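Protein chains in written order, with full-length UniProt numbering: chain S, 1 to 615; chain C, 1 to 416.
Some clues are possibly wrong.
[To be verified] Here chain C is said to cover these stretches of chain S; the calculated rule only asks that three of the stretch's residues, wherever they fall, bring their Cβ under 8 Å from a Cβ of chain C: (1) 40 to 54; (2) 244 to 255; (3) 464 to 475; (4) 527 to 533.
[To be verified] Covered stretches of chain C, going by a simulated chain S footprint (3 or more residues, C-beta under 8 Å): (5) 87 to 96; (6) 396 to 410.
[To be verified] Below are the DSSO-like pairs computed for lysine-lysine, each with C-alpha atoms no more than 27 Å apart in a straight line: (7) K347/S to K330/S; (8) K585/S to K140/C; (9) K59/S to K402/C; (10) K140/C to K593/S; (11) K534/S to K402/C.
Hint data in this document are derived by calculation from the structure and do not stem from the laboratory. It should be emphasised that the depicted structure is a prediction, and the values quoted were computed from it without experimental measurement. C-beta atoms are modelled at their ideal positions from N, C-alpha and C, and glycine is treated no differently.
These are the residues of each chain, in order.
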Amino acid sequence: MPIIPNSAVIIFSMLLMLLTGCTRGTSTCESCHRGIEAASASHPSCTSCHGGNDRVKEKDASHRGMYGRNNPADPETWDKSCGTCHRYQLERVQSNLMQTNTGMIKNIQLTWEGNDPRLFATRQTGTFDGAGRPLQLAGVVELNNLSGELYRKFCSQCHVGSETSNVLAASHGSGCAACHFPYNDQGTYGGNDRTIRGKLPAAASHALAALPGNDVCFRCHNRSGRIALSYQGLYDGNNSLVPTRGGKPGPAMISGGRNVVRIAPDVHHAAGMECIDCHTSRDTMGDGYAYENMYQQTEIACEDCHGSEKSPPRFSVITRENEEPVRESKRYRMQMRPGMEMVLTAKGRPYSNVFVADGNVLLLGKKSGRVFRSKVITGTPEHTIVGHGRLECHACHSRTVVQCYGCHTRYDKTLDGMDFIKKRETPGRFSETEDYRMLYPFPLALNQRGRISPVTPGCQTFVTVVEPDGTLSRNEYVARYKGKPQLRFAPFYSHNTGTRAVGCSECHGNPAFLGFGQHVVEGGTIRGTLICEKSADKPLDGFLTMREGKVKAFSAITRENSRPLDGREVKRTLALNECLVCHDKAADPIYRKRIDYRALDDALHRRLLDGNRSR
Amino acid sequence: MRWMMLFIAVFWMATGPADARGAENCTVCHRVTLTGKHGGLSCLSCHGNEARPSPDPASFAGKATGCTGCHRGYEGMAGHVMATRSSERDFVQRTYGRHDPAFFAKNCGECHVRSCLDCHGGNGHRVARPHDSACLACHKGYFTGAEFAGRAPREEHGRYQRGVEFQGEPFLKMLPDVHFEKGLGCAACHDMASFLSGRKSARGCTDCHRPDRKVLEHRIAAHLEKMECYACHSAWAPQEYGTFYLRFIDSTLQNQYRLRNNDGEYVKSVYLKTQDAPPLGVNAAGRVSPVRPEFIAYFTEIRGDNVSGAENRLLAAEWRAFFPHTVRRGTPLCDGCHDNRRRFLLEKPEERIYRLREDGMSLDSFWDRTGQRMVNGSFLEEKRYREMSARTPAYTKGYVEKWKSLVNRVDSSSSR
Numbered sequence: 001m002p003i004i005p006n007s008a009v010i011i012f013s014m015l016l017m018l019l020t021g022c023t024r025g026t027s028t029c030e031s032c033h034r035g036i037e038a039a040s041a042s043h044p045s046c047t048s049c050h051g052g053n054d055r056v057k058e059k060d061a062s063h064r065g066m067y068g069r070n071n072p073a074d075p076e077t078w079d080k081s082c083g084t085c086h087r088y089q090l091e092r093v094q095s096n097l098m099q100t101n102t103g104m105i106k107n108i109q110l111t112w113e114g115n116d117p118r119l120f121a122t123r124q125t126g127t128f129d130g131a132g133r134p135l136q137l138a139g140v141v142e143l144n145n146l147s148g149e150l151y152r153k154f155c156s157q158c159h160v161g162s163e164t165s166n167v168l169a170a171s172h173g174s175g176c177a178a179c180h181f182p183y184n185d186q187g188t189y190g191g192n193d194r195t196i197r198g199k200l201p202a203a204a205s206h207a208l209a210a211l212p213g214n215d216v217c218f219r220c221h222n223r224s225g226r227i228a229l230s231y232q233g234l235y236d237g238n239n240s241l242v243p244t245r246g247g248k249p250g251p252a253m254i255s256g257g258r259n260v261v262r263i264a265p266d267v268h269h270a271a272g273m274e275c276i277d278c279h280t281s282r283d284t285m286g287d288g289y290a291y292e293n294m295y296q297q298t299e300i301a302c303e304d305c306h307g308s309e310k311s312p313p314r315f316s317v318i319t320r321e322n323e324e325p326v327r328e329s330k331r332y333r334m335q336m337r338p339g340m341e342m343v344l345t346a347k348g349r350p351y352s353n354v355f356v357a358d359g360n361v362l363l364l365g366k367k368s369g370r371v372f373r374s375k376v377i378t379g380t381p382e383h384t385i386v387g388h389g390r391l392e393c394h395a396c397h398s399r400t401v402v403q404c405y406g407c408h409t410r411y412d413k414t415l416d417g418m419d420f421i422k423k424r425e426t427p428g429r430f431s432e433t434e435d436y437r438m439l440y441p442f443p444l445a446l447n448q449r450g451r452i453s454p455v456t457p458g459c460q461t462f463v464t465v466v467e468p469d470g471t472l473s474r475n476e477y478v479a480r481y482k483g484k485p486q487l488r489f490a491p492f493y494s495h496n497t498g499t500r501a502v503g504c505s506e507c508h509g510n511p512a513f514l515g516f517g518q519h520v521v522e523g524g525t526i527r528g529t530l531i532c533e534k535s536a537d538k539p540l541d542g543f544l545t546m547r548e549g550k551v552k553a554f555s556a557i558t559r560e561n562s563r564p565l566d567g568r569e570v571k572r573t574l575a576l577n578e579c580l581v582c583h584d585k586a587a588d589p590i591y592r593k594r595i596d597y598r599a600l601d602d603a604l605h606r607r608l609l610d611g612n613r614s615r
Numbered sequence: 001m002r003w004m005m006l007f008i009a010v011f012w013m014a015t016g017p018a019d020a021r022g023a024e025n026c027t028v029c030h031r032v033t034l035t036g037k038h039g040g041l042s043c044l045s046c047h048g049n050e051a052r053p054s055p056d057p058a059s060f061a062g063k064a065t066g067c068t069g070c071h072r073g074y075e076g077m078a079g080h081v082m083a084t085r086s087s088e089r090d091f092v093q094r095t096y097g098r099h100d101p102a103f104f105a106k107n108c109g110e111c112h113v114r115s116c117l118d119c120h121g122g123n124g125h126r127v128a129r130p131h132d133s134a135c136l137a138c139h140k141g142y143f144t145g146a147e148f149a150g151r152a153p154r155e156e157h158g159r160y161q162r163g164v165e166f167q168g169e170p171f172l173k174m175l176p177d178v179h180f181e182k183g184l185g186c187a188a189c190h191d192m193a194s195f196l197s198g199r200k201s202a203r204g205c206t207d208c209h210r211p212d213r214k215v216l217e218h219r220i221a222a223h224l225e226k227m228e229c230y231a232c233h234s235a236w237a238p239q240e241y242g243t244f245y246l247r248f249i250d251s252t253l254q255n256q257y258r259l260r261n262n263d264g265e266y267v268k269s270v271y272l273k274t275q276d277a278p279p280l281g282v283n284a285a286g287r288v289s290p291v292r293p294e295f296i297a298y299f300t301e302i303r304g305d306n307v308s309g310a311e312n313r314l315l316a317a318e319w320r321a322f323f324p325h326t327v328r329r330g331t332p333l334c335d336g337c338h339d340n341r342r343r344f345l346l347e348k349p350e351e352r353i354y355r356l357r358e359d360g361m362s363l364d365s366f367w368d369r370t371g372q373r374m375v376n377g378s379f380l381e382e383k384r385y386r387e388m389s390a391r392t393p394a395y396t397k398g399y400v401e402k403w404k405s406l407v408n409r410v411d412s413s414s415s416r
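Working from the sequences, and respecting the hints, build out all of it.
Written out as C-alpha cells, the structure is:
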C-alpha cells in the first residue's frame with residue numbers, strides 16, 4: 001500500500017509549509033539574512049517582491065535578477081513588485097502629485113519665469129487630467145531653464161519617486177517604500193538582520209508599515225509650508241540654534257542645519273490624531289487623475305466632519321462588502337461594516353474611518369484605534385454671522401501661519417551642484433537667504449475658491465544669477481507674474497488649528513490681517529514699518545498699501561480666482577469696528593442680517609454716543 | 001638739489017599757518033597738518049609743554065586735559081555713562097559676571113568712550129563736531145540709534161546675513177524715524193550740555209511740538225497726562241526675546257553653530273528677534289512708555305564635549321522702559337493697545353504660541369510678566385490695564401469716532 005505513505009508525506013509537507021509560511025524558511029535568502037523582519041503576514045515570500053533566486057546558495061547567483069539593490073518598490077521596478085498585486089494603488093500613485101511633482105514644477109516655473117506652457121513631471125508620464133482627458137506630462141529633465149535647474153537641484157529631494165539619503169530627519173526611500181518602509185532620522189537599517197544592520201540608505205526595519213505614521217510625512221513636509229512642523233507644534237524660524245541641548249545646537253535639529261522649538265500644536269495633534277486620520281488614501285496616494293495642485297487632489301475639508309454653517313456632515317451607508325471603507329479599514333483596530341453610515345469627503349467619497357453613530361460624528365484613529373468625537377458647528381451663532389459666508393474655517397481657526405518674508409535665491413554658475421534627477425553634478429549651485437520670519441498675525445486674501453483664507457509668501461523670490469565669469473546677469477530680480485514684476489502670496493492652511501478663533505476685533509481692528517503688514521496709521525494712510533528693500537513705500541510683510549484712502553495691491557495672490565481684498569472689502573471690514581465695540585458677541589441679533597450702518601445715526605445710537613462729532 | 005630745496009620751501013609755505021606759528025620745535029620731526037576747527041592752534045595748546053608733551057591729550061585716562069584746558073566744564077564727560085557704562089557693568093556683574101568675572105572685558109570692550117576724539121574726529125588733528133556716524137559706531141544693534149535711520153538688527157544665524165550693510169553689518173530695512181527723513185541728525189536733540197547734566201537729551205518732544213487738539217487721540221486727557229508721546233508714536237523697535245551667550249572652552253562643538261561672530265570664546269544668539277511695536281509699561285517718570293527685554297539672559301558653558309553647570313541657565317529676565325527712535329506721525333489703532341493683553345505682558349496661557357518651558361527655558365512666556373521684572377519702572381498694574389480696556393461710554397464714543405473717521409477716508413472704488 002504505497003499510496004498511503006505518499007499521501008501522508010504530501011499532507012505532512014503541506015502542513016509544514018503552512019506552519020513555516022509557505023516558502024519562508026526554505027529560501028536561501030533567509031539563511032544569510034537571518035533575523036530579518038517579515039514584511040507582513042501577507043507578504044511571506046522574498047522573491048515575489050524582490051525577484052532573484054531563493055533556491056541557490058551562492059550570493060551573486062541568488063541576487064541575480066533582483067528588482068533593484070534593496071528596494072523593489074522603486075519606480076524602476078514597482079510594476080514588477082508591488083504593482084503585480086496592488087495594481088489599483090500603483091496606477092493611482094503613478095499620477096499622484098507626490099510622484100509627479102507637477103504642481104511644484106509648475107509653480108517654480110511661474111515664480112522663475114519658466115514660461116513653458118507644457119506641464120512637467122519628475123519623469124515622462126502618460127495619464128489623465130482631473131476632468132478625465134488624456135494628458136502627457138513631459139519629463140522635467142527636458143526643462144532647460146532656471147526653473148528646471150531649481151527643481152532638479154533643490155526641490156526634487158522631496159519626491160516619493162526618488163530616494164533621499166544622508167539628510168537628517170528627511171531621508172526617505174523611493175516609490176511605495178517612501179511611505180510604507182519608513183527610514184529613521186539617519187536613514188540606516190536598524191533591524192535584526194546582521195548582514196545589513198547599520199547600512200544606509202535603507203529602511204529602519206524590513207517590516208511593512210501599512211499605515212504610515214507622522215514621522216513619514218515629516219520627512220518631506222518640513223519645508224516650504226512646513227505643515228508637518230506646525231501640526232506637531234514645532235517651529236524652525238529664526239534659526240537661533242538655542243536653547244542648546246547637551247552643548248549642541250538645540251533644542252532639536254532637523255535637515256539643513258535648522259533647529260526647531262516648541263510652539264502650540266494643532267488641536268487635532270494635541271487630541272492624539274495623526275496625519276492619516278484626516279487624510280484619506282486618495283489624498284496621499286492620488287485617485288488616478290493627475291492634478292496640477294495639491295488642493296485639487298486633496299478631497300477632505302474641515303466641513304466634512306464639523307459641518308458647514310448651513311449643512312451638517314454628509315454620509316452614505318455601506319451597502320456592499322467590497323466598498324472602499326471595508327477594504328481600507330482592514331488594518332485598522334476596528335473594521336467598517338456594511339450598514340455603517342460613513343461620512344463623505346468634500347468630493348463625495350466615503351472616509352474609511354469617519355462615521356455617524358448615535359447622532360455623533362466619530363473618527364477612528366487608524367493606527368491608535370482611539371475614537372474621537374467631532375464637534376459639529378452647523379447653525380451655531382459664531383458660524384452664521386452674515387458676511388462671514390466667504391470665510392474659510394482656517395481664516396479664524398489658525399493659531400499661527402508660518403510666513404517667510406524675503407526669499408533671496410542665488411544661482412551660482414561658478415560652482416557645481418548635484419542634479420538629483422540627472423544623478424550627477426552639473427554647473428550651477430543654489431543657495432538661499434531670508435529676511436524675516438513670522439507666525440502671527442497673518443494676512444488674509446481670497447483663495448481659489450473665492451473664499452477668504454490665510455495667505456503666506458509663495459513666494460517672495462528675489463533671484464540673483466552669477467555667470468561663470470563671476471558677473472551678475474540678474475541681481476535681486478523679481479519675476480514677472482500675470483504680466484508684471486511682482487511678488488506673490490499663496491492661499492495656505494498652516495495645519496496649526498486652534499479651537500479658539502482669532503478674536504473679532506483682533507482681526508477687524510488690525511489691518512495687518514487684511515494684508516497691510518505691520519504698520520502705523522496716519523490719517524487715511526496705512527504705512528508699513530517692515531519695508532521691501534526694492535521700494536521705500538511697500539511693506540515686505542504685506543501686499544496692500546493705502547495712501548490717502550486709496551487701497552492698492554502690489555503683490556499677487558497665486559492660483560486662479562485668487563486676489564487681495566479690494567477697497568470696498570477693506571472699507572467694509574474696518575467699518576464693522578463701529579459696531580463691534582458694543583456688539584461684541586457673535587450671538588448678537590445684528591449679525592443675523594446685513595449690517596445697516598445708518599443705525600448709528602438713529603435716535604437710540606445718537607443718545608448712546610452723545611456728543612459724537614463726526615458725520 | 002636746488003629743485004629739492006625749492007620744493008621743500010614751497011611745501012613749507014603751503015602746509016600752512018599751524019606749523020609756521022610760534023617757537024615750537026615739534027614739527028621738525030612731526031609732519032602734522034592741523035585742519036578743521038583747531039586749524040589755527042599751536043601743537044602745545046593741546047599737547048601741553050615741550051618738555052613733557054601729552055601724547056594723547058584728549059584721553060579720559062589723562063582727564064582730557066588737552067581739551068578741557070579751553071573747553072572748561074567738560075571734564076565730567078569722563079564720568080558719563082557712555083564712558084563708565086555703569087548700567088551695563090552692573091547688569092553683567094549680577095548675571096554673566098558671576099560665572100566669568102572677565103565677561104565684561106571679553107564681550108563689551110568695543111563700545112566705550114575713552115577719549116573726546118572718539119566722537120570729535122579721527123586722529124585728533126582734524127577736530128570737528130561729531131557726525132552721526134560717530135554715534136552709530138556704538139549705537140547700533142540693540143543700542144538705540146541705528147533704528148533712527150530705519151536699520152534693524154538681523155537674526156544671528158547665517159541664513160539671515162544678507163542685504164545692504166552699514167558699518168560692516170547687514171541690516172533689515174525698516175521705516176526710518178520721521179526726523180531722520182526730514183534731515184535731522186542725532187545732535188538736533190542730543191548736545192553736550194545734556195550729556196554733562198546727565199540728561200539723555202537736550203530737547204523733548206514738546207519743546208518743538210504741541211499736541212494738536214484736533215487729533216482725536218490728543219483730546220483724550222488720559223493719553224496726554226499718563227503717556228509718553230513715543231508710547232504711541234514709536235512705529236517699531238528692535239526686541240530680543242531670550243538673549244543667549246554660549247561660552248566655549250576647548251570645544252569642537254562650537255563648529256556646529258552657524259552663527260555670525262562665531263570665532264571667539266563667546267557666541268551670542270537670540271531665541272527670537274522681533275521688529276514690531278514693543279510692549280508697554282510704566283517708566284521711572286510714571287508714564288506709560290515702550291518697554292523691551294534688556295535682557296532675558298541665558299547662559300550655557302561648554303567645556304570640551306560637555307556642558308559645564310546647568311544648561312540654558314536663566315540669569316535675568318529684566319525689562320527696561322526706553323525710547324525707540326522710530327517716531328512717526330502715525331500710530332497704532334485703538335486695539336493696538338486697548339484690550340491687547342500681550343502688549344502689557346499679560347498674555348493668557350491659552351494665547352501662548354511659544355512653549356518655552358517645554359524647551360527647558362524656565363519661563364512660561366516672554367509676554368507673561370510672571371518671573372520677570374522692570375528695572376527702571378514697573379509693569380502696568382493689571383487693575384489699570386482692566387480699566388483702560390473697559391468699554392466705558394467715553395471709550396466707546398471715542399472708538400466709534402476714530403473708526404468712522406478712518407473708514408470715511410477709505411476709497412471703496414480703489415482698484416484691485
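Here is what the structure says about each hint:
no.	hint	verdict
1	40 to 54	violated (count 0)
2	244 to 255	holds (count 8)
3	464 to 475	violated (count 0)
4	527 to 533	holds (count 7)
5	87 to 96	violated (count 0)
6	396 to 410	holds (count 13)
7	K347/S to K330/S	holds (23 Å)
8	K585/S to K140/C	violated (46 Å)
9	K59/S to K402/C	violated (83 Å)
10	K140/C to K593/S	violated (54 Å)
11	K534/S to K402/C	violated (33 Å)
Violated hints, in rising order: 1, 3, 5, 8, 9, 10, 11; the structure is consistent with all others.
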